[in-house]
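Okay, so the sequence shown: first residue is 1 according to full-length UniProt numbering, each after it adds one.
In case anyone wonders, no lab produced these hints; they're calculated from the structure. The model shown is predicted, which means the values in this text are computed figures rather than measured ones. Warning: the hint list may mix true and false statements.
[What the hints assert, rightly or not] DEER-style ranges, computed between Cβ atoms: (1) K40 to L104: 19 to 27 Å; (2) L94 to R41: 23 to 31 Å; (3) L91 to I55: 21 to 29 Å; (4) L70 to P21: 42 to 50 Å; (5) T73 to E101: 19 to 27 Å.
Built from N, CA and C at the ideal position, the CB exists for glycine as well.
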Amino acid sequence: MAAPSQQAPPPGPGLEEGDRPRPLTEAEKKANHIASAEQKRRQAIREGFDRLSEIVPGLKGQARSEALVLKKTLDFARQLMQERKALIEELDALGEHVDSEIRL
1 MAAPSQQAPP PGPGLEEGDR PRPLTEAEKK ANHIASAEQK RRQAIREGFD RLSEIVPGLK
61 GQARSEALVL KKTLDFARQL MQERKALIEE LDALGEHVDS EIRL
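Model the full structure from these sequences, guided by the hints.
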């Protein structure tokens, strides 16, 4: 059985067969690096909002705006803080010891 023929991929737009693309200038390298870093930053933000959408009640499976996610996250955090305060007060009423670190 003969080995498959190995051909170079066709040249990109504006390149002739056998031509190589010119090396990037320092300014182009810097611009590419900045664009790549910005893309990673935006992806991390998107993933953070996606994660919040999964754990905050009322957001899972909905189309979301970042403003809505932030508002509902803040509402949820406030609700959790109120519930925590109520539990601490209940423990106090029962005469149970609650560490000062937990009371913060």
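Results for each hint:
Look at K40 against L104: about 35 Å separates their beta carbons, and that is not inside 19 to 27 Å. A C-beta distance of roughly 48 Å is found between L94 and R41, which places it outside the suggested range of 23 to 31 Å. Between L91 and I55 the CB atoms are about 26 Å apart, so this pair conforms to the stated range of 21 to 29 Å. The supplied range of 42 to 50 Å is met by L70 and P21, whose beta-carbon atoms lie about 44 Å from each other.
Between T73 and E101 the C-beta distance comes to about 24 Å, which sits within the given range of 19 to 27 Å.
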